[in-house]
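S.K.: Residue strings, one per chain:
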Amino acid sequence: SQQGEEDPQALSIQEGENATMNCSYKTSINNLQWYRQNSGRGLVHLILIRSNEREKHSGRLRVTLDTSKKSSSLLITASRAADTASYFCATGDVVTGTASKLTFGTGTRLQVTL
Amino acid sequence: DGGITQSPKYLFRKEGQNVTLSCEQNLNHDAMYWYRQDPGQGLRLIYYSQIVNDFQKGDIAEGYSVSREKKESFPLTVTSAQKNPTAFYLCASSIVRGTYNEQFFGPGTRLTVL
Numbered sequence: 001s002q003q004g005e006e007d008p009q010a011l012s013i014q015e016g017e018n019a020t021m022n023c024s025y026k027t028s029i030n031n032l033q034w035y036r037q038n039s040g041r042g043l044v045h046l047i048l049i050r051s052n053e054r055e056k057h058s059g060r061l062r063v064t065l066d067t068s069k070k071s072s073s074l075l076i077t078a079s080r081a082a083d084t085a086s087y088f089c090a091t092g093d094v095v096t097g098t099a100s101k102l103t104f105g106t107g108t109r110l111q112v113t114l
Numbered sequence: 001d002g003g004i005t006q007s008p009k010y011l012f013r014k015e016g017q018n019v020t021l022s023c024e025q026n027l028n029h030d031a032m033y034w035y036r037q038d039p040g041q042g043l044r045l046i047y048y049s050q051i052v053n054d055f056q057k058g059d060i061a062e063g064y065s066v067s068r069e070k071k072e073s074f075p076l077t078v079t080s081a082q083k084n085p086t087a088f089y090l091c092a093s094s095i096v097r098g099t100y101n102e103q104f105f106g107p108g109t110r111l112t113v114l
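Residue numbers (our numbering), protein chains in the order written: chain A, 1 to 114; chain B, 1 to 114.
Please keep in mind that the hints were generated in silico from the structure rather than gathered at the bench.
Please read all numbers here as calculations on a predicted model, not as lab measurements.
Don't take each hint at face value.
As the list claims (entries may be wrong) - Here are the in silico distance ranges between beta carbons for each label pair: (1) A:Glu17 x B:Asp54: 42 to 52 Å; (2) A:Arg50 x B:Ile60: 25 to 35 Å; (3) A:Ala81 x B:Gln17: 40 to 50 Å; (4) A:Thr113 x B:Ile51: 38 to 48 Å; (5) B:Thr77 x A:His45: 25 to 35 Å; (6) A:Arg80 x B:Tyr100: 23 to 33 Å; (7) B:Thr86 x A:Ala10: 32 to 42 Å; (8) B:Ala61 x A:Gly59: 34 to 44 Å.
From the three backbone atoms N, C-alpha and C, an ideal C-beta is built for every residue, glycine too.
Only chain A is shown next, with the shape it has when bound in the complex:
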């Protein structure tokens, strides 16, 4: 079943603007991850936030997690045309020493124009 739902489904911004994507999920989680997918390609891991963390940064990326609202947001600052891609959140309920079974959301398609 699809655990995560991303909002908006599609987002179009100009280069230099910030892009914010939201993810909501339904059950308790151990961690939440964000992935990026260029058209027709595999996914690339961007950032992981643990359930006991509230905010995390990586370069131009900022992720927040609100477990009380079962939601997360991904902020991309100073966007570039190369950021054009689909972005997916994935929730994990991992037990130590087992495979990291993830449930993916439906994704946000980001278009950054010059």
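Start from chain A and add chain B according to the hints.
M.R.: Just chain B, lined up with the frame of chain A:
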């Protein structure tokens, strides 16, 4: 270079035929996964394996089969029992040490049933 390879990139199948998608990794990861992605959708888990000679069904295993005879390889067979096999198939791998594990993805195989 370390990574995950999938072959072929494009695959065409006639109705009633079984086809096998290849996935190989040289990352020394114990866990491997198969996902299906339909247009404009997120990823759905088909099968995953935590160790050689062991695998578990994911959310949509019906009509698919896998094997894990070697650590590096996790082939997926799409059988004639799969009613709607046209989709983009993604293979991934991860470590199983620790609690928070990101997944590494291959470039995908696009399967079309004629």
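S.K.: Evaluate each hint against the coordinates.
M.R.: Hint-by-hint comparison with the structure:
Checked against the hint of 42 to 52 Å, the C-beta distance between Glu17 of chain A and Asp54 of chain B comes to roughly 48 Å, which is consistent with it. With their beta carbons about 28 Å apart, Arg50 of chain A and Ile60 of chain B fall inside the hinted range of 25 to 35 Å. Evaluation of the 40 to 50 Å hint for Ala81 of chain A and Gln17 of chain B yields a pass: the beta carbon distance comes to about 41 Å. A C-beta distance of roughly 47 Å is found between Thr113 of chain A and Ile51 of chain B, which places it inside the suggested range of 38 to 48 Å.
Under the hint 25 to 35 Å, the C-beta atoms of Thr77 of chain B and His45 of chain A, about 27 Å apart, fit the expected range. Checking the proposed 23 to 33 Å range against Arg80 of chain A and Tyr100 of chain B shows it holds: the Cβ atoms sit about 28 Å from each other. For Thr86 of chain B and Ala10 of chain A, the Cβ-Cβ distance of about 23 Å falls outside the hinted range of 32 to 42 Å, so the restraint is violated. Ala61 of chain B and Gly59 of chain A have their C-beta atoms about 37 Å apart, which keeps the hinted 34 to 44 Å range intact.
Hint 7 from the list above is the single one not met by this structure.
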